[in-house]
Amino acid sequence: MIKGKFIDNLPKVYGIYTGGFLVFIILMAIAEQAGMSAKLIGIFFVAFTVLIYALIGWLSRTLQVDAYYVAGRQVPTVFNGMATAADWMSGASFVAMAGGIYFKGYGYMALLVGWTGGYVLVASLLAPYLRKFGCYTVPDFIGTRYGGNLARFSAVIVLTVASFTYVTAQINATGTIASVALDIPFGIAVYVGLASILMCSMLGGMRAVTWTQVAQYIVLIIAYLLPVFWISSKLGAGFFPHFMLADEVARIAELEGQFGFVKNSAADLATVPKGLAGITKAHSSVNATPWAFISLAVCMMAGTASLPHVMMRYFTTPSVRTARRSVGWSLFFIFLLYSSAPMLATLSKLSLIDPTLPTGIIGKTIAEVQAIDWYQNWNQANLMFISDFNGNGTLELNEFFMGGKAVVLATPEIAGLPYVISGLVAAGGMAAAMSTADGLVLAISNALSHDIYYKIINPKAETAKRLIVARVLLVLIGFAGATIAALEIQGILGSVIWAFDFAMSGLFFPLVLGVWWKRANAPGAVAGMLLGLISGTAYLIWVRSGGSGFLGITQLTFGIVGAAVSLVSMIVVSLITAAPDAATQKMVDDVRVPSGKTVLAQK
Amino acid sequence: MSKQEQHWEKTRNLLFITLAIWFVFSIGIFLFGAEMQESSIKPFGYPLTYWFTCQGSLAIFVILIFWFAGRQEKIDDEFGFSEREGDK
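Sequences listed follow chains Y and V, in order. Residue numbers 1 to 603, in the numbering used here, belong to the letters of the first sequence in order. Residue numbers 1001 to 1088, in the numbering used here, belong to the letters of the second sequence in order.
Please note: incorrect hints may appear among the correct ones.
Stated by the list, open to error - Here's a subset of chain V near chain Y, in silico, CB distances under 7 Å, partners left out:
| no. | residue |
| --- | --- |
| 1 | Asn1013 |
| 2 | Leu1015 |
| 3 | Phe1016 |
| 4 | Val1024 |
| 5 | Phe1030 |
| 6 | Gly1033 |
| 7 | Ser1040 |
| 8 | Thr1049 |
| 9 | Asp1076 |
| 10 | Glu1083 |
Stated by the list, open to error - Calculated Cβ distances over 12 Å to all of chain V for the following chain Y residues:
| no. | residue |
| --- | --- |
| 11 | Ala47 |
| 12 | Met109 |
| 13 | Leu111 |
| 14 | Ser124 |
| 15 | Asn287 |
| 16 | Ser326 |
| 17 | Ser330 |
| 18 | Asp589 |
As the list claims (entries may be wrong) - Here are the simulated SDA-like pairs of lysine to any residue, each with C-alpha atoms no more than 20 Å apart in a straight line:
| no. | chain 1 | residue 1 | chain 2 | residue 2 |
| --- | --- | --- | --- | --- |
| 19 | Y | Lys586 | V | Lys1074 |
| 20 | Y | Lys518 | V | Lys1074 |
| 21 | Y | Lys104 | Y | Trp291 |
| 22 | Y | Lys281 | V | Arg1012 |
| 23 | Y | Lys586 | V | Ser1082 |
| 24 | Y | Lys455 | Y | Thr598 |
| 25 | V | Lys1042 | Y | Ser569 |
| 26 | V | Lys1074 | V | Ala1034 |
Keep in mind that the hints were calculated from the coordinates and are not lab data. It should be emphasised that the depicted structure is a prediction, and the values quoted were computed from it without experimental measurement. Positions of the beta carbon are idealized from the N, C-alpha and C atoms, including for glycine.
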């Protein structure tokens, strides 16, 4: 059926894969009709997809350095776009984002703008130039452009801090989903998640991660879009929700006016289980100050352009031109999911609060709601809670509480979709969290194995030894991440946002100025990275421990402080120390034109 | 001015235009979020600011990157700096 080289057959291979997955969904739907239990369907969905990824990972095993670090630099534009989208959209995007929009509305949607706008910076400021450079890792660029082990080492530190913060959140998410779908305790599920992540990346490095990420994107996008379109049609809101939900958005505003936002007393709120929230903010109105919105968006944009696991995806394209276009495709594939999240939040909220809909629960008696099947299920899972605060026997808007994850996970069930959809959603969430975790673990272990071990400690190491070191580090980092994830220090979304702020604090300006400012030199870059990271971290600690902060910068936007310090210190230190030598200046010139050999190949 | 300097100047100008458009739709319009929300312009019936945060800005970014890539390819071609077969 398939002849010739794998790369030439990609559309066919993934076409068959997608078809096979759709057939699997239909088979599961038939099995459900035939009486298969909900639990078993969930197990089948998660186990089947994870096994497929592991198979791809095994088939992509490699013993070559180029394939291990940059997938042989032959990933076609569109497929790299899909892989980047999966790499990018984490458990937070898939499971938590619609929930955040549901609860916080406009103020939260700064994340949508920030997490997409950042790609304009990636495409115009960085990706094509770093591709021309021909490096294996982001610290590889810093180390060669600025010269010296100190610059390289500092970049590895920033990369590790940012990516490690991020990866614990993703392993936590895989654990959460695995524990629900497979019905095992969280502490064990975390390691099941870790094992699946390592199976995808250990044998084939970047090559294996690339091809599993494409497969994971296909699963996650089907799992996200199918329920949104289905629920929308089922509610009679329109067959294409993105263009047709205006009446529903207006209806929510009308209902909010009718119910009012009653503030609960602290004593009442104390009875609500931890992590659940009520609807306290208007759905579509502008409820945040311009600065609150913009500062969060700016942090997410600059963070996007500094996160190494995203940047290194563009090292895998065949050319500079394809790297540039590939950024466009990445954002297109991300856009498909991000533009659907607010629609899902709207549909979810309306189906719960509109008393004229059969699914609406506000205005029903407490006893009635407590008798609903899905309420009992999700209440048991600690994601839903009602309480009759005012004692009138009727459920009011302020008496209904939900966990953020429930918007994505529970809405299909609430809207009365078959359980097969809930199983599909679990598989999608698993795919989203796994693909991001893979990219992150690989980014960290590649930086440690290539930049610390090979470039600094043992430059004479032969290929086989380098790849063994890379794999050992991969496993160690995975275990460290899982161990910390099992402690559950910070919520999934909070850690993700922190990761962006860390990356922005330390790496944004050293990367950008490395291409766009020839005068930038090694002492400047080291000062920029270290002082940026330190000041950002110090601000975070200060605000976390009760400090008042300044300029309205919160613990979610501390990257602004870090990046500002980084920029100033980098410019000042660069200017008071000697200009880079002629060879370095020539290197920057070479990076700026697409033609010719990559900079590292010339050396 | 050498060929390479001219190429870089054009590249830089394209960057500034790209970043200006990016600035307007990622930062600029949200300075006036409250005012825009009241506007009578309602894409697909959604309130204006709400629409931009859900779809508008996001879609503009996608188009902007492809437009930018196309323009940059033209600049590279113009100066003969595009990659050729065999460049690795």
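Each hint, compared with the structure:
Violation of the interface hint for Asn1013(V) is found here, the shortest Cβ-Cβ separation to chain Y being roughly 12 Å, above the 7 Å cut-off. Interface hint status for Leu1015(V): upheld, as the beta-carbon distance to the closest one in chain Y is roughly 5 Å, under 7 Å. Annotation: Phe1016(V) was flagged as interfacial toward chain Y, and the flag is violated, the nearest CB pair being 10 Å apart, outside 7 Å. The restraint placing Val1024(V) at the interface with chain Y is violated, with a minimum CB-CB distance near 11 Å, outside the 7 Å limit.
A cut of 7 Å between beta carbons decides the hint on Phe1030(V): the least distance to chain Y is about 5 Å, and the hint holds. The criterion of a C-beta within 7 Å of any C-beta in chain Y is met by Gly1033(V), whose closest approach is roughly 4 Å, and the hint holds. At its closest, the beta carbon of Ser1040(V) sits 14 Å from a beta carbon of chain Y; the interface hint therefore is violated under the 7 Å criterion. Because the smallest distance between the Cβ of Thr1049(V) and any Cβ of chain Y comes to about 6 Å, under 7 Å, the interface hint for this residue holds.
Interface hint status for Asp1076(V): upheld, as the beta-carbon distance to the closest one in chain Y is roughly 5 Å, under 7 Å. Nearest Cβ of chain Y to the Cβ of Glu1083(V): about 5 Å, under the 7 Å cut. The hint holds. No beta-carbon of chain V comes within 12 Å of the beta-carbon of Ala47(Y); the shortest separation is about 34 Å. Look at Met109(Y): its CB is around 4 Å from the nearest CB on chain V, not clear of 12 Å, so calling it non-interface is violated.
A beta-carbon of chain V comes within 12 Å of the beta-carbon of Leu111(Y); the shortest separation is about 10 Å. Its beta-carbon lying about 5 Å from the closest one in chain V, Ser124(Y) breaks the requirement of being farther than 12 Å from that chain. At roughly 10 Å from the closest C-beta of chain V, the C-beta of Asn287(Y) falls inside 12 Å, breaking its exclusion from the interface. With a cut of 12 Å on Cβ distances, Ser326(Y) falls inside the contact zone with chain V, its closest approach being about 9 Å.
Against the 12 Å criterion, Ser330(Y) falls within the reach of chain V, whose nearest CB is about 9 Å from its own CB. Not every C-beta of chain V lies more than 12 Å from that of Asp589(Y), the closest at about 6 Å, which undercuts listing it as non-interface. Restraint check for Lys586(Y) and Lys1074(V): the C-alpha separation of about 24 Å exceeds 20 Å, so the hint is violated. Restraint check: the Cα-Cα separation between Lys518(Y) and Lys1074(V) comes to about 24 Å, which exceeds 20 Å; the hinted pair is violated.
Note on Lys104(Y) and Trp291(Y): the hinted pairing holds, with a Cα-Cα distance of about 16 Å set against a maximum of 20 Å. Of the supplied pair hints, the one linking Lys281(Y) and Arg1012(V) is violated, its CA atoms being roughly 43 Å apart against a limit of 20 Å. Between Lys586(Y) and Ser1082(V) the CA atoms are separated by roughly 19 Å; this keeps the pair inside 20 Å, and the hint holds. Using a Cα cut-off of 20 Å, the hinted pair Lys455(Y) and Thr598(Y) holds, with the two alpha carbons roughly 19 Å apart.
Under the criterion of a C-alpha separation no larger than 20 Å, the hint pairing Lys1042(V) with Ser569(Y) is inconsistent with the structure, at around 45 Å. Note on Lys1074(V) and Ala1034(V): the hinted pairing is violated, with a Cα-Cα distance of about 40 Å set against a maximum of 20 Å.
Taken one by one, the earlier hints fail for this structure at numbers 1, 3, 4, 7, 12, 13, 14, 15, 16, 17, 18, 19, 20, 22, 25 and 26, listed in ascending order.
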